[in-house]
Every structure is written in C-alpha cells, then in structure tokens.
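Colleague: Starting from the given sequences, assemble the full structure and let the hints guide the process.
Read in order, the letters of the sequence shown are residues 62 to 435 in the working numbering.
FYI, nobody ran anything at the bench for these hints, they're computed from the structure. Just so you know, these numbers come straight off a predicted model, no measurement behind them. Beta carbons: idealized from backbone N, C-alpha and C, even for Gly. Among these hints, one or two may not hold up.
For lysine to any residue, the following SDA-like pairs were computed, each having C-alpha atoms within a straight-line distance of at most 20 Å [said to hold, decoys possible]:
1. Lys226 x Pro335
2. Lys259 x Val218
3. Lys226 x Leu288
4. Lys271 x Thr252
5. Lys208 x Val218
6. Lys256 x Ala359
7. Lys408 x Ala359
8. Lys274 x Lys259
9. Lys334 x Gly323
10. Lys256 x Val374
11. Lys226 x Asn298
Label pairs and their calculated CB-CB ranges [to be verified]:
12. Gln396 x Glu355: 23 to 31 Å
13. Glu278 x Ala428: 54 to 62 Å
14. Phe258 x Gln396: 22 to 30 Å
15. Lys274 x Gly212: 18 to 26 Å
16. Asp312 x Glu162: 14 to 22 Å
17. Ser273 x Phe299: 41 to 49 Å
18. Ala245 x Cys280: 21 to 29 Å
19. Glu279 x Lys334: 17 to 25 Å
20. Asp418 x Thr238: 16 to 24 Å
21. Gln409 x Glu278: 33 to 41 Å
22. Asn298 x Asn412: 32 to 40 Å
23. Arg425 x Lys226: 35 to 43 Å
24. Glu278 x Gly235: 18 to 26 Å
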Amino acid sequence: SCSKNVTNHHRHQSQHLPHPHTPQFCFQFILLTMRLSTLCMLLLVHSANSFSASYTSSFGTFNKSWLGSTALKSNPDDKVEKEPKNAPGHDVRGGGDVSKEMDPEELKIQEAFAEHQQNAPKLGWSTDIRTLVQYNHGFAVMATNSKAHPGYPGGSVVGFAPDEKGRPFFVFSGMSTHTQDILADPRCSLTIASKDFKGAADGRVNLMGKVSKVPSEECDALRQQYLEKHPGAFWVNFGDFNWFRMDEIEDIRFVGGFARAGSVTPEEYVDAKPDPISAFGSHIAQHMNEDHMESTIAMIADQIPGLVVSEAVITSVDSLGMYVKVSRTPRASDQPQQFKLRLPFPKQANNRKDVKDIIVEMTRSAAAVGSGDN
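Modeller: Right, dumping it as structure tokens:
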C-alpha cells in the first residue's frame, strides 16, 4: 500500500507539471537555468574578491617592493643601462593599503630589502645577455617558418655555439625539417635558456633574425669552435651536414626572472663582452651550496638586517656579485616565500682568486656581526 500511495502521489504531482514538449515547460526550464547561472556568478565573484583580498594582504607589498625592483646597474666601466619605459612589470591589485595591514617589523624588512636590491651593482643588460648566450650548455629551441605547413611555426631543439660576436652558428643535416625551412625562408628565432635553467625565475633570451649558409672558407674555423662547445659532435665531418649562422640579428628579448625583462639593440649585443667570472661561476656556486650554505645565509643577514632565510642556493656568480634563490617565512605568517635576490661583492672581481678572497672577506664580516649580536 505504501508503494501504491507513492505512485498516486507522483501521478498527482505530474498532473500539475507541464509536458516536456510544451512551450510552458521550456519557458520554466530556461527561467530556472538563468537563475542558477546568476547564483553561480554571484558565488564566483564573492570567492574571487575574498581570494584577492587574502592574497593581497599576505603578498601585496612583497610583490610590489621585492619583485618590483627591476633597475639593472652596470659596473663603472660599462654604460649605464636604464629600464625601458614600457618594460613589463607585475601589479598586485586589492582593496585598501596593504602596508597598514602588515606587521610593522616585516614592513621594515621589506623596505630595507627593496632599497638594498635597488642599489646592488649588476651587470649591464647587454653584458648579461651576452654572458648567458656564451656560457649556455649549447642547445636551444629554434622556431622556423614551416615549408611543409605554410603559416605554421616549426620548433626544433638544435645545437649551437656563439662566435666572437655572439652570433649563434649551427651544423645542420640537409634532411632536417628546420634546414628545409631555413633554405626556403631564413627568418627564424632562437630561444636560449641559462645553463642551470629550472623555471620562470631563471634567465632566458630570444634572438630573432635571419640564418644563412656560411661561406666555405669560414667553415674550418667554425668547426673548431663548435667542437670546443660540443666535443662529441662527430657528425660535423659528414658530407651532408652544412654550416649555418644567424648573421643578421634583428631583435633581442631578455627575461632575467620575475619582473626583470627588456631588450637591447643588436649593436649593443654584438659590442658586449661575456663576463669572465661567469665562465667558472657555476663551480663556485656548487661548492658554496654543497659545503657553505650557512655562510651564504649569514652574508644575506649581514647585508640586509632582519632578513632571515632558511635556505640560500647560489644560482650564478659574476664579477660583481651573486644571484641567490632563498626561502623564508615572513613574520606573522605561515606562508613560505621563495625568490631570488642579488648579493653584491664589495668590489669587482677580476679572476678566480679575487672571488675566493672576496667571499672569505664577506663571510668573516658576517661572522663578526653575528658574534656581536650574540
């Protein structure tokens, strides 16, 4: 009897429902759908506003002051290179003044950090870019205009080496698709990442230009240079491989990490020289990271009072200082941060011994300050 009552109840209800194929049913269905959509939109907007306010409260000032410092300074012997007026940046928007919501001591630390990074000596843009290309591992992504599929770009990982002017040159098989693309249309681009590239915080450069075959009288010299970069490249002597070079560099775009992007002219790039210390800087960084990370942490605390980091990994070393990827948890927060900072040398280094002496000097200075605090 129970099932019978339920059946009768459903039959009674169905008498008041419009048939699915009637205009009345369609109208009610559309009306219900519109109401549900409006409700979902309101919930999404509310959630987005809540997330934005929370995110900005925790990280707003960090992004503006810590990542917003993009000015690159050159050494006294280089031309000062200023940030382009239209250089991209990062803007964190939110309601209210974030600095008023932040712990006062944390705000002081961030302000000190921003000032320190703004004044820290750095390689000039053209030197930085030229150095990245020179000491790269020798592989890059080449984008060509596809011959087989007109209008589509073709991408290939290719080996390369830079000549004395920083122009990349290659040895390509006649069977390769990128070779056929270049012979049909020499316009292409080459994206080169830093040797230890691991993510968006690391440097990369894009060279855009025209690639053409190298005259036969220059091939022997290029072969020797290429083998210095790629000792195992036995195919350079194969008869169906030809030498190519980006003789005409037309545009250069550089990203050195978050909030650090811009470009230089081809003339500035060709005239620049690679930083000599960067040639062996990765070995110094590896040694410091494996055996002396506590010294790096102490040097950071010495130069930027109040900035306490739990990890400090040196990513590169040049004649004017080091780039260090650090991890920390801000005061009155349980959200960890990871970012790169510039740790400058007190003077310019000209050779390996200079770097060693400078790091020893910085370590002793940091130790003295640390013992004085205790």
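Colleague: Would you mind marking each hint as holding or not holding in the structure?
Modeller: Right, here's what the structure says about each hint:
1. Simply put, Lys226 and Pro335 have alpha-carbon atoms about 10 Å apart, close enough for the 20 Å limit, and the pair holds.
2. Using a Cα cut-off of 20 Å, the hinted pair Lys259 and Val218 holds, with the two alpha carbons roughly 17 Å apart.
3. A distance of roughly 18 Å separates the Cα atoms of Lys226 and Leu288; the hinted pair therefore holds under the 20 Å criterion.
4. Simply put, Lys271 and Thr252 have alpha-carbon atoms about 14 Å apart, close enough for the 20 Å limit, and the pair holds.
5. Between Lys208 and Val218 the alpha-carbon distance is near 17 Å, which keeps this suggested pair within the 20 Å criterion.
6. Proposed proximity of Lys256 and Ala359 is contradicted: the alpha carbons are some 27 Å apart, above 20 Å.
7. A distance of roughly 19 Å separates the Cα atoms of Lys408 and Ala359; the hinted pair therefore holds under the 20 Å criterion.
8. For the proposed pair Lys274 and Lys259, the alpha carbon gap of about 33 Å is over 20 Å, so the pair is violated.
9. For a cut-off of 20 Å, the pair hint linking Lys334 to Gly323 stands: about 19 Å separates their Cα positions.
10. With a CA separation close to 15 Å, the supplied pair Lys256 and Val374 stays within the 20 Å bound.
11. Of the pairs offered as hints, the one joining Lys226 and Asn298 is violated, with about 24 Å between alpha carbons and a cut-off of 20 Å exceeded.
12. Taken as a hint, the range 23 to 31 Å holds for the pair Gln396 and Glu355, whose Cβ atoms sit roughly 24 Å apart.
13. Between Glu278 and Ala428 the Cβ separation comes to about 59 Å, which falls inside the hinted range of 54 to 62 Å.
14. In this structure the hint that Phe258 and Gln396 lie 22 to 30 Å apart at CB holds, the actual value being about 26 Å.
15. For Lys274 paired with Gly212, a C-beta distance near 25 Å keeps the hint of 18 to 26 Å intact.
16. Between Asp312 and Glu162 the Cβ separation comes to about 43 Å, which falls outside the hinted range of 14 to 22 Å.
17. Against the hinted window of 41 to 49 Å, the Cβ-Cβ separation of Ser273 and Phe299 comes to about 20 Å, which falls outside the hint.
18. Our hint of 21 to 29 Å for Ala245 and Cys280 holds, since their Cβ atoms are close to 22 Å apart.
19. As the Cβ distance of Glu279 to Lys334 is approximately 22 Å, the hint placing it in 17 to 25 Å holds.
20. Separation of Asp418 from Thr238 is about 51 Å and departs from the stated range, judged on CB atoms against 16 to 24 Å.
21. Distance hint check for Gln409 and Glu278: the Cβ-Cβ separation is about 40 Å, which falls inside the suggested range of 33 to 41 Å.
22. The supplied range of 32 to 40 Å is met by Asn298 and Asn412, whose beta-carbon atoms lie about 37 Å from each other.
23. Taken as a hint, the range 35 to 43 Å holds for the pair Arg425 and Lys226, whose Cβ atoms sit roughly 42 Å apart.
24. In this structure the supplied range 18 to 26 Å holds for Glu278 paired with Gly235, their Cβ-Cβ distance being about 20 Å.
Of the hints listed earlier, those the structure fails to meet are numbers 6, 8, 11, 16, 17, 20, in rising order.
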